[in-house]
Amino acid sequence: MSALQVQAGELLASGKAEVVIGYGEGTRGRVRPVFVRTRADVSLLVFDGRCTANLTVYLAKPEVGRMGKAAIVATPGAVRSLIQLIAEHQVDPGEVVVLAADDDAVTLLTDPAALEAYAAAHPVTIPPEAKAVTESLARMSAQERRAFWDAELSRCFKCYACRSACALCYCTRCITDMNQPQWVCVAPHALGVMEWHLNRAMHMAGRCVQCGSCTSACPAGIPIGLLAMEASRSVEKEFGAQAGLRCDAPPALSSFAADDRESFIL
Amino acid sequence: MCSDPGQNMIKSAIKEKNLTGVVVAACSPRMHEPTFRRACAEAGLNPFLCEMANLREQCSWVHPRTDATTEKAIDIVSMLVAKVKRNAPLFPIKVPVTRTALVIGGGIAGIQSALDIANAGRQVVLVEREPSIGGHMSQLSETFPTLDCSQCILTPRMVEVAQHPNITLHTYAEVESLSGFIGNFTARIRKKARSIDERSCTGCGECVTACPIKKIPSEFNAGLGLRSAIYVPFPQAVPNKPVIDRGRCTYFQKGKCRFCETKCPAKAIRFDQQDEILDIAVGAVVVSTGFTVVETSFFPEYGYGLYKDVITGLQFERLLSASGPTLGEVRRPSDGKTPKNVVFLACAGSRDPAKGIEYCSKICCMYTAKHAMLYRHKVPDGDATVFYMDIRAAGKGYDEFVRRAIEDDEVRYIRGRVSRVFERQGKLVVKGADTLLGGQQVEIEADLVVLASAAVANPGAEELAQRLHVSYDGHSFFSEAHPKLRPVETNSAGIFLAGACQAPKDIPESVGQASAAASKVVGLFSCEELTREPVIAVVNRTAPPAYSTCAGCFMCRSACPFNAIESEEIKGRDGQILKTLARVNPGLCQGCGTCVAFCRSKAIDLQGFTHEQMYAQVMDLFA
Amino acid sequence: MTTELTFEPKIVAFVCNWCTYAGADLTGTSRIAYASNVRIMRFPCTGRIDYNLVLKALEQGADGILISGCHPNDCHYSTGNFHARRRWVVFRHMMEYMGFDLRRVKFAWVSAAEGAKWAEVVNTTVREIRELGPATEYTELHRKGVA
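Chains as they are written, first to last, in the numbering used here: chain E, 2 to 267; chain A, 632 to 1254; chain C, 33 to 179.
Since no wrong hints were added, every one of them can be taken at face value.
27 Å max Cα-Cα, derived BS3-like pairs, lysine-lysine:
hint, chain 1, residue 1, chain 2, residue 2
1, A, Lys1009, A, Lys968
2, A, Lys1210, E, Lys62
3, E, Lys70, A, Lys1202
4, A, Lys971, A, Lys939
5, E, Lys17, A, Lys1202
6, A, Lys822, A, Lys845
7, A, Lys1009, A, Lys939
8, E, Lys62, A, Lys1202
9, A, Lys1115, C, Lys149
10, A, Lys1210, E, Lys70
11, C, Lys176, E, Lys159
12, A, Lys1210, E, Lys17
13, A, Lys716, A, Lys642
14, A, Lys939, A, Lys845
15, A, Lys1062, A, Lys968
16, A, Lys846, A, Lys823
No lab work stands behind these hints: they were computed from the structure.
So here's chain E without its partners, still in its complex pose (with noise of 0.2 Å):
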C-alpha cells in the first residue's frame, strides 16, 4: 500500500474523515476523481503525475458536503484554491482535512495554519508552454494581441469545461446563464466567447491561484488559464495581493488603498 492509501484509510478508520476525494485508475490510461467512503476501498487510490485536476472543485457541492467530513487528496495547486475557498466563506476547514501530495511526499494537513505554511512552501509554477506563450504575448502589439486571442478564442465552443474545472467557480448562477439582462451572448460566436472569458477573467480577478485546471480541461486546447492568472497576477502586482496564501485573507478586488495607481485618471 503507498503511504497515501496508508494514510487515507488511517483517516476513515479514525473518523476523521467519512469520504477521501483521491484519484483513482480511470479509463485509457486517464485517472478520475473517486470518492473512497470504506476503508477497503483506499486500494482504488493513485497519485502520480497524471494527477493534475483540482479536486477541490467538488468540496463547494452540496451533494458532497451531505457526504460528511471529507478528506482530499490536494496538488499544492489544489491546496491554494481550498485555501482561497475558506477564505470566501465557501468551505468551512472544520470539515476538511488535506492529503498533499506533491512528487514527493504526501502530508496532512489539518489546520488552516498548516495549509498555508505549506502553500507558501510551494510556490505557483507555470509550465513552460504557458510561459512561453506570455512571453510572445508581452512582445506583441495590442492589435496582434488581438488577433492572437480572436484567433486562440475561436476555438471555443462554449462548453463550460473551464467553468466546471475551476474550484473558484462556485457561483449558484454564473453571469453567462443570466438573461434579464444578458450580460454575455449565449451563442459562442466571437462577441458571445470574448465576452465570457473577459468576463471569467475579472471574476479571477485577485482569486485565480493559478492551479492551471482550466486550461488542462480546455478540449479545445485554448491557453485559457492565461487570462485569468493575468487578472490576478495584475491583481498581485498593483496591490500586493496574492490569492490562495491566506485563509482569512479579504478580497483583494473589493479592498483598497488609499494609494492605489491612477495615472490613467484625468
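With chain E held as given, fit chains A and C onto it using these hints.
For chains A and C alone, kept in the frame of chain E given last:
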C-alpha cells in the same frame, strides 16, 4: 414645468391616461426631481416611477441649436423612458428606533451631550472608563480666556449628570462591543469591579484614611501628587465613591490587610466583587472619549522624564490648581521651591513632521498664554518666557487674551524653536533660536520648564473605533463623515462624535460639538420609526434549494463603506444551516451600489439603479 | 456646399451623481459650451459602475467611453471611488491584455465645482476619439457574431 400649472399638467395626465411611469424632460434631477416625484405621488403614482431627463443643464445650455443637439435631446429622453419602463414602485423604509442614547466618555463633551439629550426627555446611558466623570476639564486650574475656575463651572454639571432622572451613569466601565445599527444598537458594557458596594457606600472617606498604601502617583494630579490604593480620584468626584486599585492593594496582592473593611462604617467594601457585564439597547451613540498628551519618552531632547522640573502643561495645571498637590502655589517638583524663571515651550511635539505629528494641537497657544499669565499673577517677581512658532489665537477674546499676557503681564515671547533643554551646574538651560533676530542663539536658565505637549489620541482609540465600526485617521483620531458638512456624524449611521476624540479641541468647541451631536440624537429620536430612502441594495431571493443566487463569498462586505452587509443563515426545518448568504441591512445601507458592481453572480442589486434599468439605458442608446 | 461628413463619435459617459453629474450641471449653469457627442448616464456612485455596462456600450457601437466621479477623498459615500479605481486598474489591464484599444475608455475625476473641467474632459475625449475614427474592434466581433 416646475410651476404649479406644469405640475398640474402632469397630475392630470397621470389620472386621465392612467400612466404607469413619467419622464419629465426639463432640468437636472438634482434640481427638481423631488418636486416632480412629489407631484406624481400627489396624483397617486409611486414617486419612484418618475424620472427626469436633463435637457437643460446637460443639453440646451451647453450645445448650440443644431440637429446634433436635438438628436442628443431625443437620446436623453429615450434613455430615461427605457429606464422608467423598468422602474419598480419603492416605499420608504421604516426602521424602529430605541430612544435611548449611549454616551461614551464622561468628559465635558460627554457630559454636555448627555445633559442635552436627557433634558430633551430622552434616556441616556453614560459610560466612563475612569472612576469619576469630569475628564481633563476637571484637572484644569482656570480656563482661557475668562479665567473662570474650571472646577467651579464643571462640577455643577457633573452633579447634574449624577442626579438627572434620565441619565444612567456607569463609571469605571468600558464599552466592550457594539452590535446592530442605527436605532437598534446593543452595547455590551463591562462594569469593572470597584470592590465597593456603591449603594451602601456613603462616601465618608474612612477607608481612604485607613489605607496603609499611600504613595501611589495620582493620575488626577498627573503624577505630581500621591493617592492611596483605595481612593477617590479627586474631592469633587462623581460618583463620590472610592475604588480599590487591585493592582496596588496589599490585600489583592498579598492576601492580607483589609484595613479599609474594618474601618468602613457602612460595611460597603466588597473584595469578592466581580466585573459586571451589561447589555443595553440603544438607538444612537455619542463617542466623546477625549484625548491625551504625548508620553515622557517623546522628548529626550527636552529632558522630560530625566529632569524633574521639566513638566507637561497638564502637570502645570495641577500646580496652579487650588485643589492640586501644592494647593495652588507654584512650587517646582524637584525641591518644592517657587521657580523664579519659568520657560514655556509651545508646540512641544506638535507641528513636527519629524516626530510624526504634523498637526497643530490647537489648544496650546492659548493655555500657554494662560499658564504664563497665571504664573505671573502668582509669582509677581518671577520671569515667564514663552518659545513659540506662531501664535494661533483665533477665537472670541483669544487674541486679546494673548496680548494681555504679553503687554499687561509682561510675559516674554520669543519666536523660535527650542533645540535642547539640559542641566548646567544644577540649573536647567533652555537652548533655542530667536528667529525674529535672524536665528540668533538664545540660552535661558530656567527653574522650571513647561512643555505644551502635543495632544494625541487616547491609547486604545483604534481598538475602540474598530469595536464601534467607526473610521479613524492616521493619528487615530475618529473620522467625521464629512469634514465640512457632517462634522459630528461618523460614517456609521447613528454614531456621532463630540470633543477631542475627533481632533484636538478646546472647551467651547467641545461643548459646541457635544450639543450638536446631542441635537442629531434628539432629531433621530423625534420619531418612533426612522424613515429612510428606499434606494438601497438588496440581495435577491430565489426558490429552494438555491434560496438566492448569492453564494455567500462576501466580496460585498469589504466593498461596503457602511458595514451594511450582514450574513444571513437559511435554516431547514430541523434548524440545520442550509446556506449562508449576504443580507443588506436597510438601516445602514446608503445606496452607493459599490457592492452591486462587485457581485459576480449579480445577486445583489440597487433599487432605483438596477441592472435592468442601467442595461436598458445602454441598449436603448444604440437601438 | 460640401457633403463631406466629418466623423462624429458617439460617447457614453458613466458618471456619479454627486460630483461629476453635478459638475456637468454646473457646466450648464455656467453656459460653457462643449461637444454634444456625449450621452450621460447617472449612477449614484462610481462604485456602482459595472464594467459589463461599459462593455455593452462598446459592443453596441459606442466609439468612446468616459467614466468619471469624485476625486479621491471626496466620495459622497467616502470610499466608493477608491473601490471603483481598483476595479478599473484591473479592467484596463485585461482589456490591454486581450488587445483592445485602451484609448477609447477614459477615466476622470470631475468634482461638482469643476464645470469647466467637465467641458474640457469631454472636448478632449471627443477630439481624441474623432482622430481614432469609428470603433470597430467590438462591432467587428458583433458582426462576426451575427453573421
